[in-house]
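Take the sequences, apply the hints, and build the full model.
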Amino acid sequence: FALIWNPKAGRTAKFSKSIPDLQDAFRERGAELDVQYISDERPGREIARELEGRVDGILIAGGDGTLHECMRGMKTFATPVALLPLGTANVLAQEIHVPGNPVDAAMLVFSGTVQLFDVGLANDAPFVLWCGVGLDAHIVHRVSASLKRLFGSIAFEMTGFREIPFYTPERLHVVVDGKKKKGYFAIISNITLYGGKLLFPDANPRDGLFDVLLVSDSSKFTFFRNYLGVSRHKPPKLSKVIRLRGKQVDI
Numbered sequence: 125f126a127l128i129w130n131p132k133a134g135r136t137a138k139f140s141k142s143i144p145d146l147q148d149a150f151r152e153r154g155a156e157l158d159v160q161y162i163s164d165e166r167p168g169r170e171i172a173r174e175l176e177g178r179v180d181g182i183l184i185a186g187g188d189g190t191l192h193e194c195m196r197g198m199k200t201f202a203t204p205v206a207l208l209p210l211g212t213a214n215v216l217a218q219e220i221h222v223p224g225n226p227v228d229a230a231m232l233v234f235s236g237t238v239q240l241f242d243v244g245l246a247n248d249a250p251f252v253l254w255c256g257v258g259l260d261a262h263i264v265h266r267v268s269a270s271l272k273r274l275f276g277s278i279a280f281e282m283t284g285f286r287e288i289p290f291y292t293p294e295r296l297h298v299v300v301d302g303k304k305k306k307g308y309f310a311i312i313s314n315i316t317l318y319g320g321k322l323l324f325p326d327a328n329p330r331d332g333l334f335d336v337l338l339v340s341d342s343s344k345f346t347f348f349r350n351y352l353g354v355s356r357h358k359p360p361k362l363s364k365v366i367r368l369r370g371k372q373v374d375i
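Quick note, the sequence shown lines up with residues 125 to 375 if you use this note's numbering.
No lab work stands behind these hints, which were simulated from the structure alone.
Incorrect hints may have been included.
Only pairs whose alpha carbons sit at most 27 Å apart, straight line, appear in this in silico DSS-like list of lysine-lysine [unchecked claim]:
id	residue 1	residue 2
1	LYS272	LYS304
2	LYS272	LYS138
3	LYS305	LYS344
4	LYS272	LYS364
5	LYS344	LYS321
6	LYS272	LYS321
7	LYS305	LYS321
8	LYS364	LYS306
9	LYS199	LYS306
10	LYS272	LYS132
11	LYS371	LYS344
12	LYS344	LYS304
13	LYS358	LYS344
14	LYS272	LYS344
15	LYS344	LYS306
16	LYS199	LYS371
17	LYS141	LYS305
18	LYS305	LYS364
19	LYS361	LYS371
Estimated spans, in silico, between C-beta atoms of each pair [to be verified]:
id	residue 1	residue 2	range
20	GLU165	ILE220	27 to 33 Å
21	THR203	GLU165	22 to 28 Å
22	PHE348	ARG295	43 to 49 Å
23	PHE348	VAL238	39 to 45 Å
24	PHE348	ILE220	26 to 32 Å
25	VAL159	LYS199	21 to 27 Å
We put the beta carbon where it would ideally sit given N, CA and C, even for glycine.
The following block contains the structure:
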């Protein structure tokens, strides 16, 4: 097995000290764990590209961003991937109920089962969570690393409330399996959670379909209202949205 570790991920200090013990635990079970470190000189996608097909499994220690970065280097997705949550939000780990303790998560390699998961392509870049066009992309681009370190996943909400009053949306022309719609903010999701909150309660990451949410109104009031209408466990209360489902989405 190989471990791709992002030392810059949100919760790495304690994990770094546990790596030797983790390697010992793998040896006790008759397996080796080769540790590879992500750096500016050697990004995650490059490491994943080298490892794919050469090991029995790849463990990715980091957050959702680290997972996305590593996946961009994979070609066949035939090598099983395990996620060790060390990031700010760890949305995928929440989605598939991976233990919050990264060492416990690593042990699932021996006790868990391999599950298939849909992989989407956005401009040829693979993703397993979601991709956003409009406000979502703007907020992710504007949130600062320091804010994420201080406040965790709340940093995205704080940035959203700060940016919405000054954000000018562009009109989007969206086509989902031939169905044409117009709106101002789109999220194409593979999972039920969005930023750790329940936005797509009927999504299934194994059904071969995207769940699409399109906001049809450009007013800031609608953006604020929908932002507040999403919680972690309850179905979302949204206004002026269009929901679609399909295999291909063009925007």
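So, going through the hints one by one against the coordinates:
1. LYS272 with LYS304: Violated, at about 37 Å.
2. LYS272 with LYS138: holds, 18 Å
3. LYS305 with LYS344: Distance ~20 Å between LYS305 and LYS344 Cα, so the pair holds.
4. LYS272 with LYS364: It is violated: about 30 Å lies between the C-alpha atoms, which goes past 27 Å.
5. LYS344 with LYS321: holds, 21 Å
6. LYS272 with LYS321: holds, 17 Å
7. LYS305 with LYS321: holds, 25 Å
8. LYS364 with LYS306: Satisfied, since the Cα-Cα distance of roughly 12 Å is no more than 27 Å.
9. LYS199 with LYS306: Outside the cut-off at roughly 33 Å; violated.
10. LYS272 with LYS132: holds, 12 Å
11. LYS371 with LYS344: Violated - the C-alpha atoms of LYS344 and LYS371 are around 30 Å apart, more than 27 Å.
12. LYS344 with LYS304: Judged against 27 Å, a Cα distance of about 24 Å means the pair holds.
13. LYS358 with LYS344: Given pair LYS358, LYS344 holds - Cα atoms ~23 Å apart, limit 27 Å.
14. LYS272 with LYS344: The hint holds at about 24 Å.
15. LYS344 with LYS306: Roughly 17 Å separates the two Cα atoms, so the pair holds.
16. LYS199 with LYS371: holds, 20 Å
17. LYS141 with LYS305: Not satisfied, since the Cα-Cα distance of roughly 51 Å exceeds 27 Å.
18. LYS305 with LYS364: holds, 13 Å
19. LYS361 with LYS371: Cα-Cα ~25 Å, so holds.
20. GLU165 with ILE220: 27 to 33 Å: Once the Cβ atoms are compared, 31 Å apart, the range 27 to 33 Å for ILE220 and GLU165 holds.
21. THR203 with GLU165: 22 to 28 Å: holds, 23 Å
22. PHE348 with ARG295: 43 to 49 Å: violated, 19 Å
23. PHE348 with VAL238: 39 to 45 Å: Given about 42 Å between the Cβ atoms, the range holds.
24. PHE348 with ILE220: 26 to 32 Å: holds, 31 Å
25. VAL159 with LYS199: 21 to 27 Å: holds, 23 Å
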